[in-house]
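Novice: Here are the chains, one letter per residue:
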Amino acid sequence: MDVGVAVKAALDLNVLRSNPDGSVAVENIPLVISEYDRNAVYEARRIADSTRGRVIIYSFLTWWPADRKEKDFENVIREALALGGDEAYVVVDPTVSGSEPRFTAKVLASLIRKYGSPSLVITGEASTDMTSSSIAPYLAATLGYSVVTFARSLKVSDGGIVVERDVEDYIETVRASLPAVVSVTGEINSPRLPTLLQIRKAFRKPLVKTTLSELGLSPMLPKYSDYRLVTVKRKRVILEDGSPEELVDKLVSYLVEEGVLKR
Amino acid sequence: MVEEPGIEHFLFVEDIEALVYITLVISAAIFLYGLYRRVVSWFGTFPPPLPSPGRALRNIVVYGLLQRRVVRKPSTGGMHVLVFYGFIILFIGTVLRALEYDITLRFFGTRFLVGDTYLVFKFFMNIGGLIAIIGLIGLLLRRGGFKSPYLPDRPSDYLLLITLLVILFTGFLLDSIATLSYRLGWIGLYDFIGVALASSLEGLGLDLVGLYRGLWVFHMVLAQLSVALIPYTKLGHIVFGGIFNYAYARERHPAEIPGPEDPEAEAEEKGYIGVLSISDLNWKERMDLDACIECSRCTDVCPATASGKPLSPMHLILALRDLAREGYEGELVPEKIEPDILWSCVTCGACVDACPMLIHHVETIIDIRRGLVSKGEEVPEDALNVSYNLMRYGNPMGYDPMERAKVIEELSRETGVPIAEEGGEYEYLFWVGCQTVYEPANREIAKSLLSLLRKAGVDVAIMPDETCCGEPAKRIGDELMYVEIVRMNIEGFSRYRFKKLLVNCPHGYTVFKHEYKRYGLSLDVVHHTQLLSQLLREGRLRPKRRDRSITFHDPCYLGRWNGVLEEPREVIRSITSDFREMPRNGRRSFCCGAGGGQMFYEVKRGERISRLRMMEARETGAEVIGTACPFCRTMFLAEANDSVEVLDISQLLEAAVDEDGKA
Chain A
1 MDVGVAVKAA
11 LDLNVLRSNP
21 DGSVAVENIP
31 LVISEYDRNA
41 VYEARRIADS
51 TRGRVIIYSF
61 LTWWPADRKE
71 KDFENVIREA
81 LALGGDEAYV
91 VVDPTVSGSE
101 PRFTAKVLAS
111 LIRKYGSPSL
121 VITGEASTDM
131 TSSSIAPYLA
141 ATLGYSVVTF
151 ARSLKVSDGG
161 IVVERDVEDY
171 IETVRASLPA
181 VVSVTGEINS
191 PRLPTLLQIR
201 KAFRKPLVKT
211 TLSELGLSPM
221 LPKYSDYRLV
231 TVKRKRVILE
241 DGSPEELVDK
251 LVSYLVEEGV
261 LKR
Chain B
1 MVEEPGIEHF
11 LFVEDIEALV
21 YITLVISAAI
31 FLYGLYRRVV
41 SWFGTFPPPL
51 PSPGRALRNI
61 VVYGLLQRRV
71 VRKPSTGGMH
81 VLVFYGFIIL
91 FIGTVLRALE
101 YDITLRFFGT
111 RFLVGDTYLV
121 FKFFMNIGGL
131 IAIIGLIGLL
141 LRRGGFKSPY
151 LPDRPSDYLL
161 LITLLVILFT
171 GFLLDSIATL
181 SYRLGWIGLY
191 DFIGVALASS
201 LEGLGLDLVG
211 LYRGLWVFHM
221 VLAQLSVALI
231 PYTKLGHIVF
241 GGIFNYAYAR
251 ERHPAEIPGP
261 EDPEAEAEEK
271 GYIGVLSISD
281 LNWKERMDLD
291 ACIECSRCTD
301 VCPATASGKP
311 LSPMHLILAL
321 RDLAREGYEG
331 ELVPEKIEPD
341 ILWSCVTCGA
351 CVDACPMLIH
361 HVETIIDIRR
371 GLVSKGEEVP
381 EDALNVSYNL
391 MRYGNPMGYD
401 PMERAKVIEE
411 LSRETGVPIA
421 EEGGEYEYLF
431 WVGCQTVYEP
441 ANREIAKSLL
451 SLLRKAGVDV
461 AIMPDETCCG
471 EPAKRIGDEL
481 MYVEIVRMNI
491 EGFSRYRFKK
501 LLVNCPHGYT
511 VFKHEYKRYG
521 LSLDVVHHTQ
531 LLSQLLREGR
541 LRPKRRDRSI
551 TFHDPCYLGR
561 WNGVLEEPRE
571 VIRSITSDFR
581 EMPRNGRRSF
591 CCGAGGGQMF
601 YEVKRGERIS
611 RLRMMEARET
621 GAEVIGTACP
631 FCRTMFLAEA
641 NDSVEVLDIS
651 QLLEAAVDED
661 GKA
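Protein chains in written order, with my numbering: chain A, 1 to 263; chain B, 1 to 663.
Errors might be hidden in some of the hints.
[What the hints assert, rightly or not] List time: in silico DSS-like cross-link candidates among lysine-lysine, alpha-carbon distance up to 27 Å:
| id | chain 1 | residue 1 | chain 2 | residue 2 |
| --- | --- | --- | --- | --- |
| 1 | A | Lys201 | B | Lys270 |
| 2 | B | Lys447 | B | Lys406 |
| 3 | B | Lys406 | A | Lys233 |
| 4 | A | Lys205 | B | Lys375 |
[As the list claims (entries may be wrong)] Over 12 Å on every C-beta distance to chain B, these chain A residues come out as not near it, computed from the model:
| id | residue |
| --- | --- |
| 5 | Asp12 |
| 6 | Leu16 |
| 7 | Pro20 |
| 8 | Gly22 |
| 9 | Trp64 |
| 10 | Asp67 |
| 11 | Glu79 |
| 12 | Ser97 |
| 13 | Phe103 |
| 14 | Ala141 |
| 15 | Val147 |
| 16 | Thr173 |
| 17 | Glu187 |
| 18 | Tyr224 |
| 19 | Glu257 |
| 20 | Lys262 |
[Claimed, not checked] Derived list of chain B stretches under chain A, where covered just means 3 residues or more per stretch with a C-beta under 8 Å from a C-beta of chain A:
| id | segment |
| --- | --- |
| 21 | 364-378 |
| 22 | 390-398 |
| 23 | 480-490 |
If you're looking for bench data, these hints aren't it; they were derived computationally from the structure.
For every residue, glycine included, the Cβ atom is placed at its ideal position computed from N, Cα and C.
Please construct the entire structure, taking both the sequences and the accompanying hints into account.
Specialist: In C-alpha cells, the structure reads:
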C-alpha cells in the first residue's frame, strides 16, 4: 500500500531572528524539516515496508522568497527522502508569500490527487514553526478522507486503520476506514537523523516540482504582510523566605493563580 | 681430538646427524606456510609489494634491534631486551656453527671458530644463554605477581616461556657434557656455565653419552619446533611485528588519520564508506592485527578502559584478529563487536603511542566508525546530531552561525586586533574555532591571546568566515562531511594572504597541519602556546613571576599527537615559581574525555574520564589547572568547583603581563 506524507519546510527556530520592531525577517531564516514530519515519514516507511508500497512525499513551499528558499526547501525534501521517502512531489511557486492552513491543505490535496492518490496520508501533529495542528483535518476534508489526529500508534488492518490517539488526559483507540489522513505525535517512533551519505543517496530519488498554475490553482489572497514574534517577559519571582513546606505552598498558589495548575 | 680450541661437531651423534636436516626442512616448511598464509591475508598476493628499503631498514634497526618502544616500560621491556638479545646472540652463534660445518669445513676443509675466536664465541654463547634465562625468569615472575590486570594470562603464555627456558637449560646441559668430554682442560671461564655444570655432573655417575644423545634430540627438535610455530603463536610478533609491521610502518605522521582515497567514489561503488566487515580493512590494518604481541600496554594506558568503558584497544585488535583468522565474512558491528566499544574511544592516541609494534588502533576504530555512520546505524544519537549540525550550521553543536560573526566582531572590537580582509597581508591569521567562539567561558581564551599579541606587536588578523575545521566529523567517522568541510575551508583560506595559521585549539591544529595537505593545502600551523613561548623568549612579553601553584594538563592532541610539550611549560614557568606536574604528564598525559567527538556525545558507562583526570589534577594541590585546549577547558570547567580555577595558558599569561603593565 502506498503511503503519502505531507512534509513541511519550517522556519528553523534555532536561528530565528526578529527585527527590533518584533517582525520576523522571514527571508533570512533558513528552513528545516518540521520536527514531527520526521516521525510521519518514518511511520510511513514502516507501513509501506510491511505492505510493499511506496512512500510518497508531498510538500508546498510556503515561505518566501521562493528563489532564496528553494535550496533549503530542496534539502528538506532530500532529508525526507533520506528518512524513507521514495519519491517527492512539491510545489515551488514564486507568487507565494505565505499561506494559511486551508490554502496549504488545498494545494497539498491537488498534489496528492494528481500524483499517486495514496489512500493513507500521514503528517506531523503540528508544524514546528506555526503549530496550527490543522493541516490534517483540512486536508482530509478537502480530499474527502476520514481523519485521525494525534496518533501515537498506527496499524493498518482489514482495509482500515487502528489508531491510538493521545488526547493528553487519556489515550483513546479508534478505528477508521481508508482512505484517511492521520497526524502523528513525536511518541509514535524515534526516527534516526539521516547521515550525509543517506542524503546524498536520496539525490537519486525522483523529486518533481510543479507550480500553482500547473495544478490549476490561483494564488492565495490576501497575502501575509508580516509575522511578529510575541515575546513574553519572565516574571522573575523568586521565593526565598520560609521553610521548604511554606515555599512549596506559596509556589503552588502562584502557579494556580497563573492558571498553570488546576485546583 | 683437536689440538687447539675449536668445535667437535656432532659429538656423540654423528650417526643421527641427518635428523637435524630433516627437522630443519620440516620446520622451515611449517614456518613458511604460516608466514605465507598471513602475508596473503594482508596483501592478497604473494610475494608482497616491497616497502621502501631505507625506511624499512631504519625502522627495523630503531624499533627492532634497538628496541626503542619496548624499553619505554623499563621493567618488562628490560626483561624483553635480555631475552631478545640473548636469542639474537644464540641465533648468530648457531648460524656460525652451521656455517663452519656445512660450508667452510665441508667444501674447503677449513674452520674459523678456532683458537681465540672460538673462546670468544663460547663466551658470548654463555652470555646469550644466561641473559635470556634471566629475562625469561623475570617474565615468569612478572606473571606471578606484578602484571597488569589486562595482560592475557593463559596456560599457553606460561608454556611459551617455560618452553624457551627448557631449550636454554638443555642447551647448557649439552654444553657441559661436551665440555666434560673434551674441553675441560683448556676452555676455562670462557664457558663458565658449562664448566660449572660439568663439575656437578661429573660425580653423578650417569651415562653421559646416552644422556647427551637423548638431550640432543630433545633440544634440537624442541628448538626447531619453536621456530616452526612462530607464525601460529604469540611468537608471531617477531616476524609480523618485528619485521613486517616495522618494515611496512606508516610513513605519514601518526596524527594524520587517513581516509579513503575518494570517499564519494567509494560510497558510489560500495554503498558505504569505511569498514563493515574484515574484508573492508586495508592491508595495513590487517597487518596490524597480526603484529599484536598481547602486551596490554595500550589497554593499560587507555582512558576508556580506565574509566570502565567497554573499550580495550588490545582486546579489540585481538577480537578482529580472531575474526580475520577464522575467515568471518559478516558485519562486525553489532554482530561480533559491541557498538559502545567503538564509541568509547576518545582518539587520545595513548594506545598508538604505547604500542611497541607500531599498531595504529585509532585508525582502525575510526574506519569502523565510518562504516557505522555510513549505515546510520549503531551510532549514538548525539554523534549523528554532530553530523547533522555540521551540515546545517557549520558547527558541531548546532548553534546559530550568525553568532560566530558577532563574536568575532566583538573580539576584534575589544582587543583591537583587525578582522582579516581580502587583499590584506598578515603574518598570522587567527582561526578562533567553534569551541572558543560558542562557549562564552572560552571566548576569554581568544580575548587574552589577542590582547597579548596586540601588546607584543604581532601582525595578526582574525579569520572572519570560518566554519568547523572538520575534526569532529573526521573523528566521528563522517568522512563525506569532513571532505566537504575541508574543501570549503580551503576555499575560505584562499581569500586571505597570510604566512602562518594561528589556532588555540589542538584539534584544529592537528587537522590543519597534518590532514589538509592531502587536499592540496599545506599550512604552516602554529598553536598559541608555541607563539606565546616564542614571544617570551624574544622578550616581547615580560610577565611577572609569582608563586601561585599551577599544574598543567597536556591536551592529547597537542602533547602526545604533536609533541608540543615544552612550550606551554615554558609559559607557566615564566609566571610561577610553583609549577606542579601531575603524575601522568607530557606524552603520558591522560585524556580529559572530550576527544573523538565525545565532547558531543557520551558513552554512559563507568565513570566520566574528565572526573578521573580532575581528581588527578586536584591531588597536586595546585590552585590552578592550566590548559591549552578549549575542549579540555570545557570538560574541566564542568568538573571544577570553587576551590580550583581552570585557565588557559593565554589567560594565565595575560594576567601576569597585565599586572606588570608589560615590559
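Novice: What hint numbers does the structure not satisfy?
Specialist: 5, 6 and 11
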